[in-house]
Amino acid sequence: MSNSPIVSRLILAVVALAAPAVAFADELNMRVGVTEISREVYDLHMLIFWICVVIGVVVFGVMFWSIVHHRRAAGYEPASFHENTKIEIAWTVGPLLILIAMAVPATEVLVKMYDTGGEDMTVEVRGYQWKWQYKYLDDDFNETFAFMSNMKTSQDEIYERANKGEHYLLDVDNPLVIPTNRKVRFLLTANDVIHAWWVPDFGIKRDAIPGIINELWAIVPEPGIYRGQCTELCGKDHGFMPVVVQVLDEADYDVWYGEQLQAAQARKAALSKTFTPEELMAEGEAVYGTYCVACHQPAGQGIPPVYPALAGSPKVTGDQGDQIQILWEGVPGSAMQSFASQLDAAQIAAVVHYTRNSWGNSVGDVTQPRDVVEWSEGSQE
Amino acid sequence: MSNSNDQSVYYVPHDGWYPVVLAAGLFFMVFGLGDALNAMKSGGDPGWVMSALGFSLFAVVLYFWFAKVIAENHAGLNNAQVKRSYVWGMGWFIFSEVMFFAAFFGALFYTRVLVVSWLGGDGGKAMTGDYLWPEFENTWPVMDNPDNAVFTPPEQSIQLKSFGSLFTYLPFWNTVILVASSFTVHWAHSAIKKGNRSGLVSWLALTVALGFLFVFLQGYEYWELYTHYGLTLDSGIYGSTFFILTGFHGFHVTLGAVILLVQLIRAIRGHFTATDQFGLEAGSWYWHFVDVVWICLFFLVYIV
Amino acid sequence: MSAVIESHDDHHDHGPAKGLARWLFTTNHKDIGTLYLWFSFAMLLIGGTMALIIRAELFQPGLQFVNPEFFNQMTTNHGLIMVFGAIMPAFVGLANWLVPMMVGAPDMALPRMNNLSFWILPFAFGMMISTLFMEGGGPNFGWTFYAPLSTTYAPDSVTFFIFAVHMMGASSIMGSINIIATILNMRAPGMTLMQMPLFVWTWLITAYLLIAVMPVLAGAVTMMLFDIHFGTSFFNAAGGGDPVMFQHIFWFFGHPEVYIMILPAFGIVSHIIPTFARKQLFGYDSMVYAVASIAFLSFIVWAHHMFTVGMPLAGQLFFMYATMLIAIPTGVKVFNWISTMWRGSMTFETPMLFAIAFVVLFTIGGFSGLMLAITPADYQYHDTYFVVAHFHYVLVPGALFSIIAAVYYWLPKWCGNMYDERLGKLHFWLSFIGVNVTFFPQHFSGLAGMPRRIPDYALQFADFNMISSVGAFIFGFSQLLFMYVVIHAIRSGKQATGRVWEGAHGLEWTLPSPAPYHSFTHPPKVTAADAHG
Ligand code: HEA
Ligand code: HEA
Ligand code: CUA
Ligand SMILES: [Cu+2]
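Keeping their order, the protein sequence lines are chains A, B and C.
All residue numbers for the first sequence refer to my numbering, where the first residue is 1 and numbers rise by one.
All residue numbers for the second sequence refer to my numbering, where the first residue is 1001 and numbers rise by one.
All residue numbers for the third sequence refer to my numbering, where the first residue is 2001 and numbers rise by one.
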């Protein structure tokens, strides 16, 4: 084929047109990423892309040549051939060889990606409607500390009432933090529906499936902040569930890790403290704003009939234990999940207090962390 | 033209109201059913009226439809080619049923061989069991669910315990009944092909009787399972696969038995001849199909 | 019972009945074909309107028109309606019109059941669309309805959705049984299998695929129904099931389903290109074998939609290799079409323009499909707009263009009148430009990382989305021109000749235009030239 001048000229033309386009890498093409795996995936992508381009140029080239020349308007009389075994065999075997040439590097990269062993540390990644939870595990897979990662973009930005920030929809309150140059193993799962955890720059994506563990790993050579999104339809706010990973130098990471351990201790201590109503209201408002507002809405009005209003709800203003129970256990079979693993007793107490005393609800009593702890211990018996 | 008895012409029936009314009946039936299920789920009153009316409409139209097809055949409108269309039609319909069961057998295979082992900490996704369900063990039948608080596990399994107890095992006798009925329906068919109508009627009657006996015993088994074994639809994957397979099979046996019952009534009324008995033949194919499904089921669900 | 038969002596000429009764009660394959075609066009407009709502919302970042909950319902229903309501019924409608004429039969094999297959559809889609107005909204879990989003977390209306799918499946199965029986049993004497026109061949294989996979879909939704209402745990790990099992069963149906939407298109293009190249189809035999191979392979590649669910490595490799193999028989088809054009004597009437665009744009869609098949790369593409671009390239300028081409090509045979060639060409160019402006930029937004099924997106995706939305409106509104061209031809087009196109071959062209109400009451003699041509 290469000795046909028109074809080689066409190839040249397309390459010339495509080359500058490829240079817009960020806008037009897959990101190269920062890990070894992501680079290999990128190379693979470019390889198959160019193979397809070349085949396309040849195939369409022949076709357009025919369209230009073999037209009746140009006075062309039809030939009468309608089969040719040799050429038919050739264009069956040819593509097969091309496919094998693609399959070999693809297999190599894939095998590498599946090598999850030999990790330096493990993080559990758990999808919730619509946020991520990161749990840092020790060598025996026991939790050391955990936190939730919620989107930070405000409703005002989304609904055009405020200017959109730089990382619109791609910013979270608490990013996942990992060190450079260590092999991090991720255990993916979910609490409710299927989500998918994707960091394009690491070249990894995997579904987070309730009740099932999937594994991923990454070694990131460069510090930085890397952004991705949930990529499996998971309900209403699937589009508002960013994945943000902050990669720290190993030394910085170790410092950060130490701080987190201490903070976890401090949170445990808070469970036995007694707060003032003002402290509870402030903390409750914050918790509500991150954990509840997506469904129950800023003024507690909900989105009936699916998401009930909390303002005026008898379940909220009734017995304190009722609402603690709802938060602790969730409402099975509905989007109202159990918050027991996302919020600690202090946060639950605060949000219960807040909902019972906001938007026209005025029960007036105070809910303390110990109420929640007591309730949960009672429920375990 | 098409109403002549010209056998070189393919009979194309005239316009008729059956199909569109049947579709309407189907619609009301399933819409009513959906309403009822949703009402029950939220603890309300199912109100079966709409679906019952839809079903009645559906059944009545079906009656008229088949009556008309039979009458057309008796009037000699169906030439050999038309009959061949019916043969193809029935054959491919049974193939579609095979694929329907294939989905459930596939589910049994997938959960039993792969999922339960992963959840139990074996195989390619052992982390699932090790990390999320440390208590759960990889056994079949599943007598303890990964989360027993959500799905109450069964108390006993229905699996055949030892080959010695085969003869006291109800599913075994059900197998015998169903296999026997496959023979009887075949003999019924052979009888009419030799022009022996009384043979047809008695073998067919026996087949129908065996069919309903099977359904009755299956019903009895279900009652036992619900009351004594704690094996129910909501007792986890074992109950789920067990009941969906045996349940849809039982439903098909009932359907097949009703089809054969209709053929029996027709046979008594003097339908079918030595050369023309497609209704019966189609019914018997269906019956053999149901039988084959049961044999697979007996081995895969009850024995291994 | 035997006395029920009525006398039909007054019906000797057996023309169509009058008024509404004709359409409600008909057993005629042409009437039923017409019903199917108009129904699917209505669904195209409804599903397309939903697509335009999606594109309007995605015109720029931020939420302007709809809330996320409704957006998901639009995405879901757009996919479902296009697949089950627009593309599939359109192909069944074409089969109804054409298969009996092409094989020299008086009608479909089972005419009453034919009518039933059609009339189930309006009820099924009526039910499905009505869910949008129910409390809690309609289906919002994507056209692939993955559990547990579609079970535990679904709105109540999912029950009706499930029954609607059951009804569509019943309709498809009956329609396919009818087509198979017609093809296998009703061919005119002398027409061997390897003389059948390719549209007939592709439909024979498509019908087989449908009968094989629609029941599996029925099984999947039945298990959903049981999980929702009867406490089973098929798709719930807490009871020993697995949400991923749903995906395996769904895609065992779903992948053959996408070939169900393209094989009849291959058939159509294999008729149009030889006609306008005035040259016999190149490689008839290998065309048949290629379709059969694609159908076979379609059963063993389903998990390429699930590369990210975490299958064991061996599974990933198997599904990757099997998927890549499909490029070979598909390539054979593309090469054959081009060889048919090669040294032909081509003219470029509207059907030919759509057919050529099909070959080019479908192949581009096929290339992106091949890229998706490369598992490690698919980790980056999966559930992004790259996938959306892929499947719209094979579905819109693929399946939909072939249907439009078929309508232009056979319309003169159906209604006896020619369409307006000038407007037809205008329609083509608007559609061609519109479709590329809509879907080409989606490759870029996908590669840059934009997930699918999101109502709002990060700022770096803004430019391409804006272009895409503009294209969608161009493409959408040009279909109204299509409607005008068709209605104008039916009402007041120029009288067409029997053969219509000078290069056309096949039994349908031996009939006058419009084709008589009953095509071949007595089987025609098949000559080699009038078989596949
Ligand atoms: C008409 C419908 C149709 C058709 C024909 C195809 C054809 C193909 N599709 Fe596509 N696909 C869809 C409809 C279709 N697809 C849909 C709807 C989805 C998304 C579903 C959803 O998630 O909602 C999807 C998604 C999809 C995925 C999953 C992506 C993901 O979710 O991550 C994959 C992955 O392998 C894939 C692959 C392919 C391949 C390899 C082909 C091949 O058949 C293509 C073969 C054709 C060619 C390759 C071009 C011609 C060949 C040559 C010129 C020969 C020489 C070429 C070479 C040797 C390279 N498709
Ligand atoms: C089967 C065929 C098919 C067809 C023909 C189309 C056609 C179109 N699709 Fe389709 N699409 C799918 C199948 C199809 N799609 C599937 C399966 C999905 C996946 C769903 C999922 O994720 O679950 C999808 C998803 C999908 C998305 C992604 C949504 C998301 O991820 O959130 C988008 C976004 O741009 C889109 C756009 C379009 C557009 C612009 C068209 C255009 O071609 C439409 C053209 C428009 C018209 C033809 C309408 C004309 C109407 C008028 C002009 C109004 C007239 C009004 C009256 C007379 C009342 N589609
Ligand atoms: Cu979580 Cu999408
Ligand atoms: Cu596929």
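Keep in mind that the hints were calculated from the coordinates and are not lab data.
In this text the structure is predicted, and so the values were computed from the model without any measurement.
Cβ coordinates follow ideal geometry from the N, Cα and C atoms, glycine included.
Please note that the accuracy of each hint is not assured.
[Stated by the list, open to error] The calculated lysine-lysine pairs, modelled on DSS-like cross-linking and capped at a C-alpha distance of 30 Å, are:
1) A/Lys152 <-> A/Lys164
2) A/Lys315 <-> B/Lys1041
3) C/Lys2018 <-> B/Lys1068
4) B/Lys1083 <-> C/Lys2494
5) A/Lys112 <-> A/Lys273
6) A/Lys112 <-> A/Lys164
[To be verified] Now the in silico label distances, taken between C-beta atoms and shown as ranges:
7) A/Ser376 <-> C/Phe2473: 50 to 58 Å
8) C/Phe2133 <-> B/Gly1043: 52 to 60 Å
9) C/Asn2067 <-> B/Gln1156: 47 to 55 Å
10) C/Leu2426 <-> A/Asp115: 52 to 60 Å
11) B/Thr1227 <-> A/Val363: 32 to 40 Å
12) A/Gln265 <-> B/Phe1299: 53 to 61 Å
13) A/Ala282 <-> B/Gln1159: 16 to 24 Å
14) B/Gln1156 <-> A/Asp156: 55 to 63 Å
15) A/Glu119 <-> B/Leu1300: 50 to 58 Å
16) A/Ala282 <-> B/Gly1043: 45 to 53 Å
17) C/Phe2133 <-> A/Asp138: 33 to 41 Å
18) B/Glu1224 <-> A/Val331: 30 to 38 Å
19) A/Asp173 <-> C/Leu2459: 16 to 24 Å
[As the list claims (entries may be wrong)] Here are a few chain B residues that face chain A, going by a calculated C-beta distance under 7 Å:
20) Phe1055
21) Met1127
22) Thr1128
23) Leu1132
Hints, verified against the model:
The suggested pairing of A/Lys152 with A/Lys164 holds, with an alpha-carbon distance near 12 Å, which does not exceed 30 Å. Taking the CA atoms of A/Lys315 and B/Lys1041, the gap is about 21 Å. The hint holds against a cut of 30 Å. Between the alpha carbons of C/Lys2018 and B/Lys1068 the distance comes to roughly 23 Å, so the proposed pair stays at or under 30 Å and holds. Restraint check for B/Lys1083 and C/Lys2494: the C-alpha separation of about 42 Å exceeds 30 Å, so the hint is violated.
Of the supplied pair hints, the one linking A/Lys112 and A/Lys273 is violated, its CA atoms being roughly 50 Å apart against a limit of 30 Å. Between A/Lys112 and A/Lys164 the CA atoms are separated by roughly 40 Å; this puts the pair beyond 30 Å, and the hint is violated. Checking the proposed 50 to 58 Å range against A/Ser376 and C/Phe2473 shows it holds: the Cβ atoms sit about 55 Å from each other. Distance hint for C/Phe2133 and B/Gly1043: a CB-CB separation of about 23 Å, inconsistent with the stated range 52 to 60 Å.
The hint said 47 to 55 Å for the Cβ distance between C/Asn2067 and B/Gln1156, and at roughly 50 Å that hint holds. With their beta carbons about 57 Å apart, C/Leu2426 and A/Asp115 fall inside the hinted range of 52 to 60 Å. In this structure the hint that B/Thr1227 and A/Val363 lie 32 to 40 Å apart at CB is violated, the actual value being about 47 Å. In this structure, A/Gln265 and B/Phe1299 meet the distance hint of 53 to 61 Å, their C-beta atoms being roughly 59 Å apart.
A/Ala282 and B/Gln1159 have their C-beta atoms about 60 Å apart, which leaves the hinted 16 to 24 Å range violated. Separation of B/Gln1156 from A/Asp156 is about 60 Å and conforms to the stated range, judged on CB atoms against 55 to 63 Å. The hint said 50 to 58 Å for the Cβ distance between A/Glu119 and B/Leu1300, and at roughly 40 Å that hint is violated. A C-beta distance of roughly 40 Å is found between A/Ala282 and B/Gly1043, which places it outside the suggested range of 45 to 53 Å.
A hinted range of 33 to 41 Å is violated for the C-beta pair C/Phe2133 and A/Asp138, which are about 53 Å apart. In this structure the supplied range 30 to 38 Å holds for B/Glu1224 paired with A/Val331, their Cβ-Cβ distance being about 35 Å. Against the hinted window of 16 to 24 Å, the Cβ-Cβ separation of A/Asp173 and C/Leu2459 comes to about 20 Å, which satisfies the hint. Because the closest C-beta pair between B/Phe1055 and chain A is about 29 Å apart, greater than 7 Å, the hint is violated.
A distance limit of 7 Å between C-beta atoms decides the matter here; for B/Met1127 the minimum to chain A is near 4 Å, and the interface restraint holds. The restraint placing B/Thr1128 at the interface with chain A holds, with a minimum CB-CB distance near 4 Å, inside the 7 Å limit. With a cut of 7 Å, the hint placing B/Leu1132 at the interface with chain A holds, because the nearest CB-to-CB distance is about 6 Å.
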